[in-house]
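Each chain, letter by letter, is given below.
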Amino acid sequence: MQYMLLIYGDENSWTEQEREECMLESMKITDELAAQGKYIAASPLHPVSMATSLRVRDGKRQITDGPFAETTEQLGGYYLIDVADLDEALAIASRLPPAKKGTVEIRPLFPLPEPN
Amino acid sequence: MDKSACIAKVEDLYQRDSRKVFATLVRLLGDFELAEEAMHEAFAAALQQWPEQGLPHNPLAWLVSAGKFKALDGIRRKQKFGQLQPDLQRLAEELGEHQEYMAEQEIEDERLRLIFTCCHPAIDARIQVPLTLREVCGLTTEEIASAFLTQPATLAQRIVRGKAKIRDARIPFKIPELAELPARLDAVLSVIYLIFNEGYSASAGDAAIRRDLSDEAIRLTRLVLELLPDPEVMGLLALMLLHESRRAARTDENGDLVLLEDQDRSVWDRQMIEEGKQLVRRALATRRFGFYTLQAAISAVHADAASPQETDWHQIVALYSLLLQVEDSPIIALNRAVAVAMRDGPGAGLEIIDQLLRHKELAQYHLAYSARGELLRRSGQPQLARQAYAQALSLAKQAPERRFLQARLAELDA
Numbered sequence: 001m002q003y004m005l006l007i008y009g010d011e012n013s014w015t016e017q018e019r020e021e022c023m024l025e026s027m028k029i030t031d032e033l034a035a036q037g038k039y040i041a042a043s044p045l046h047p048v049s050m051a052t053s054l055r056v057r058d059g060k061r062q063i064t065d066g067p068f069a070e071t072t073e074q075l076g077g078y079y080l081i082d083v084a085d086l087d088e089a090l091a092i093a094s095r096l097p098p099a100k101k102g103t104v105e106i107r108p109l110f111p112l113p114e115p116n
Numbered sequence: 001m002d003k004s005a006c007i008a009k010v011e012d013l014y015q016r017d018s019r020k021v022f023a024t025l026v027r028l029l030g031d032f033e034l035a036e037e038a039m040h041e042a043f044a045a046a047l048q049q050w051p052e053q054g055l056p057h058n059p060l061a062w063l064v065s066a067g068k069f070k071a072l073d074g075i076r077r078k079q080k081f082g083q084l085q086p087d088l089q090r091l092a093e094e095l096g097e098h099q100e101y102m103a104e105q106e107i108e109d110e111r112l113r114l115i116f117t118c119c120h121p122a123i124d125a126r127i128q129v130p131l132t133l134r135e136v137c138g139l140t141t142e143e144i145a146s147a148f149l150t151q152p153a154t155l156a157q158r159i160v161r162g163k164a165k166i167r168d169a170r171i172p173f174k175i176p177e178l179a180e181l182p183a184r185l186d187a188v189l190s191v192i193y194l195i196f197n198e199g200y201s202a203s204a205g206d207a208a209i210r211r212d213l214s215d216e217a218i219r220l221t222r223l224v225l226e227l228l229p230d231p232e233v234m235g236l237l238a239l240m241l242l243h244e245s246r247r248a249a250r251t252d253e254n255g256d257l258v259l260l261e262d263q264d265r266s267v268w269d270r271q272m273i274e275e276g277k278q279l280v281r282r283a284l285a286t287r288r289f290g291f292y293t294l295q296a297a298i299s300a301v302h303a304d305a306a307s308p309q310e311t312d313w314h315q316i317v318a319l320y321s322l323l324l325q326v327e328d329s330p331i332i333a334l335n336r337a338v339a340v341a342m343r344d345g346p347g348a349g350l351e352i353i354d355q356l357l358r359h360k361e362l363a364q365y366h367l368a369y370s371a372r373g374e375l376l377r378r379s380g381q382p383q384l385a386r387q388a389y390a391q392a393l394s395l396a397k398q399a400p401e402r403r404f405l406q407a408r409l410a411e412l413d414a
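Chains as they are written, first to last, in the working numbering: chain A, 1 to 116; chain B, 1 to 414.
Possibly wrong hints are sitting among the right ones.
[Said to hold, decoys possible] Here are the computed lysine to aspartate or glutamate pairs in the EDC-like style, where the Cα-Cα straight-line distance is at most 16 Å:
#1 B:LYS165 <-> A:GLU70
#2 B:LYS165 <-> A:GLU105
#3 B:LYS165 <-> A:ASP87
#4 B:LYS174 <-> A:GLU11
[Claimed, not checked] Here are some chain B residues the structure puts well away from chain A; computed CB gaps all over 10 Å:
#5 SER146
#6 VAL160
#7 LYS174
#8 GLU180
#9 SER329
#10 ALA363
#11 ARG386
Don't read these hints as lab results, they were simulated from the structure.
For every residue, glycine included, the Cβ atom is placed at its ideal position computed from N, Cα and C.
Extracted from the complex, chain A is given alone in its bound form (with noise of 0.2 Å):
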C-alpha cells in the first residue's frame, strides 16, 4: 500500500540549525527506508513565495505569483513510501522530526487499475 506523508508546518519557524538537523535525521530515515524496499520517492520543497500557481479557465490561462491558498502552515515537503498498512505509515510518520513541529497528512495513494 502506497502513501503520501504530507509535510504542514510553520515554515518561517525553523532555525537554520533546526532545519540542518531535521535534513539529516531525514536522509537517515530515508536511507533506513530505502534497505527495506519502503521508500519511492521523497523531497523537501522551497517556501511557498516560490510557489506559482496556474488555473485555466476558458481555455486560457491564469498564472499567479503564491500558493494555492494562503495558510499559516504550509506544505513543506513530502514521502512517498510502499508499506503493509495505515499503522506502519503512522510508524513512519511519526518519526520523521517536523511531526514534532508541525503536522504530516497520511494519504493513502488511490490505486489504478494496471493498464492491459
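With chain A held as given, fit chain B onto it using these hints.
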C-alpha cells in the same frame, strides 16, 4: 443428530457466533461488504449441508472456510466479466493460499482485532462507537439510532464513512504492537465505557435497547480481558458490573431516578457484586491500576454497605483523593466533597463545594447546586437549600433529573 436439531444448531450459532465468523472474514477479505455477504452465504450453506452430511467437527471453522470460498467464487465470477480490480486479484491469490482450517481460539481472537480496528484513532471518535456496535456487536443501525436518539440515516452515513476509511486507508486488522498497546487500549476502553453509559444512563430512548447496550459493553470487556489481562480492563469490567448490579433499584415504577442512599439494597444483584469485587481486588493487587479501577473500588465500598449509614466513608474519601490524582476533574472533586460531608458532616462538604463553585468550571453544572442544596438541607438551612435547588432546576435538562429536583423543592415547601 437429526435434521431439525441440525437446523436449530445453525440458528443457535447464527445468534451467538455470527459476528465471530464475520470478524474473521473481514480480516481475511479486508472488506466489510464482501465479509457480510460471505458470512450470510456460509450460514445458508450450513443450513443446506449440515442436515444432509452431519455436523462438522469444528462448526465455526467450517463456516469461516465456507465463507472464504463463497467470497472466492464471487471474485472469480467478477473476473470472468473482466472487471476485477488489482486488489481483488491479489486477494484471490492470498485466499487461495490460506487453505487450512482455523483453530477455535484463533476465531475467538478475531473480534478483538476488529474492536481495535473500529476504535483506531484514525477514525473519528463519533464514528468509533456506532461502528463498533454495528460491526463487532452486530446491532442494527435502527437499534443504535434509537439508543442514541440519532437519525438512522445519519448513523448509517457515519458507519459507511468508517468502513470506507478502514478499507481505503488500509487500517490493519490486528492487535497493536506492545509499544502502542496502552494508548490504543485506552481508546478501546473509552469506547466501551461510552457504550455502557449510553445504556445505563436513564436519559432517554428505548429501555430494552439501552439494556442491550450495557450487556454488549460488559460482553466486549470480558472479551478484551480474556485476551489482555490488563488491570484497567479488570477495573472497567468491575465498574460496569457494580453499576449494573443496581439496575433494578436505581429507577422507580415511574422510571424516575432513585438516589444510591434511597435504593432498596435487597434487590441489588449479589452475583455481579461478587464478581466486581473480586476483579477490583485483582486489579488493585497489581499496583498498576488507574481511573476505572479506582471508580470500581468506590462502587465496591458502597456495595459492601448494608445501609448508607454503614458505608465506610473514610475509605471512599481516600479513594476519591487518589482518583483526583489520576484525573484532576471538578466533577470528581464534587463527588469527593459529598463523601467528605458524609464523613465529617455537611459543613465540611459545603466548604469544599463553595470553593469549587468559585472556580467557575462547575458554575453551570446542575449537580453542584443540587449537592449544595442537599447539604444545606441536612445542616438545617431550608431557605438557602431552596435557593440552591432552584438554581439546579434552572440548569438541569433531563426530565428525570428535573422531576427529582422539583420533588425536593416541594418537600422543602411542605
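To see whether the hints hold, each was checked on the structure:
1. B:LYS165 <-> A:GLU70: violated (28 Å)
2. B:LYS165 <-> A:GLU105: holds (15 Å)
3. B:LYS165 <-> A:ASP87: holds (13 Å)
4. B:LYS174 <-> A:GLU11: Not OK: B:LYS174 and A:GLU11 at ~37 Å, beyond 16 Å, violated.
5. SER146: Correct as stated: the minimum Cβ-Cβ distance to chain A is 32 Å, above 10 Å.
6. VAL160: For B:VAL160, whose nearest Cβ neighbour in chain A is about 17 Å away, the distance exceeds 10 Å, so it holds.
7. LYS174: violated (8 Å)
8. GLU180: violated (8 Å)
9. SER329: holds (29 Å)
10. ALA363: holds (33 Å)
11. ARG386: holds (52 Å)
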